[in-house]
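Using the working numbering, the first residue of the sequence shown is number 1, and each one after it goes up by one.
Keep in mind that a hint or two might mislead.
Calculated pairs, SDA-like style, for lysine to any residue (alpha carbon to alpha carbon, straight line, at most 20 Å) [as the list claims (entries may be wrong)]:
#1 K267 with D294
#2 K37 with D115
#3 K252 with G264
#4 K37 with T61
#5 K202 with T155
#6 K202 with L136
#7 K267 with E256
#8 K267 with A247
#9 K267 with R308
#10 K252 with S235
#11 K267 with G296
#12 K182 with L8
#13 K252 with E223
#14 K135 with E189
#15 K252 with V221
Simulated DEER-style distance windows between Cβ atoms [claimed, not checked]:
#16 G98 with L300: 56 to 62 Å
#17 A217 with P40: 51 to 57 Å
#18 P83 with T194: 27 to 33 Å
#19 G98 with S170: 16 to 22 Å
#20 H18 with G116: 19 to 25 Å
#21 P68 with S261: 39 to 45 Å
For the record, the hints were derived by calculation from the structure and aren't laboratory data.
C-beta atoms are modelled at their ideal positions from N, C-alpha and C, and glycine is treated no differently.
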Amino acid sequence: MTPPPSHLVTFQTDDPDHMLEHLAPVVSPNVSIQPCKRVPFHVAVQLSRLPRVGLFTIQITSARVLEPAPLGFCSITVPLVTPFQTVQHGQTETFATGTAYVNHWDDPLDLRTSDGAEVLVANIDPTLLNDYARKLNGGKYAEPLRFGSSLSLVTPSGASFWRYLSFIWSELRRCGAVAESKLILQELETTLVTMLLYAWQKQAIDAEQRDEGRSPAALRVAEEYILARLADPVSVADLAAVSGVSARTLFKGFHERHGTSPMGFLKARRLEAVQRALLAADPHSTTVTEVAMDFGFFHLGHFSRDYRQAFQELPSETLRRGFAA
1 MTPPPSHLVT FQTDDPDHML EHLAPVVSPN VSIQPCKRVP FHVAVQLSRL PRVGLFTIQI
61 TSARVLEPAP LGFCSITVPL VTPFQTVQHG QTETFATGTA YVNHWDDPLD LRTSDGAEVL
121 VANIDPTLLN DYARKLNGGK YAEPLRFGSS LSLVTPSGAS FWRYLSFIWS ELRRCGAVAE
181 SKLILQELET TLVTMLLYAW QKQAIDAEQR DEGRSPAALR VAEEYILARL ADPVSVADLA
241 AVSGVSARTL FKGFHERHGT SPMGFLKARR LEAVQRALLA ADPHSTTVTE VAMDFGFFHL
301 GHFSRDYRQA FQELPSETLR RGFAA
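Could you put the whole structure together from the sequences, leaning on the hints where they help?
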């Protein structure tokens, strides 16, 4: 039976199945625990609940926590003592104190602890998160909310969220008057979610601003990459990868500097390259189509229109003019 909100459950066990039975009210039914064979398994747990947030601490020996199917909730896991590792898409990431691991409701879970590990976990109803994200955005937020996999707890906004989460957990463990009031519990929950959303949004904004701070150098890298590969395939993903900033930052930088997108900049430079090639070509042995195709222009009608708009003449006229000169 699911315990009522705020009811504190405390237990210790050497049996992983026994542990999962007790955690059933706040974790997915498909979670499994794989203890390390060289270390006897032992766990100590305390758990409680707000209306739509499950909170618990676990002290555990070396083990692997697996959930192959989507969790169904957003899980925030904070290391309290030793680091733990997670594996996503074949990549291993280590989380130490000062950073929370965020596992999305539609992602699998693969978390690995070392001996003496202790974590505080908050499992949050995704509907609650999405509802408050929409409300905080003036009711305009429509897409499913997604966090990054890590949340810093040492930035001002991250530290505020962590302090409030610690405060709530401390109050629930005391089982004082706060645990007897539905109003207080709901307000604690909504404030916690609001602070989490703010910390996550602030982290995303800070990361974008760091990108923008590097954008002049990044733009030069992207521009040089384009100019060196006018006859080769180029994508926005390629440009973001080589410049080290987000595609959004690249679009903003290119519009501010050139008044166009990265692909618009690429097309303009390719048109210039076609013009140079036509001026240097022999019209008796070269066609406009051949030169256009060499630089990625396969729709000749669109190409002719863009070329004429850029140079006030048809490409065939450029070809004849270059030969005559």
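Which hints, by number, does the structure contradict? none
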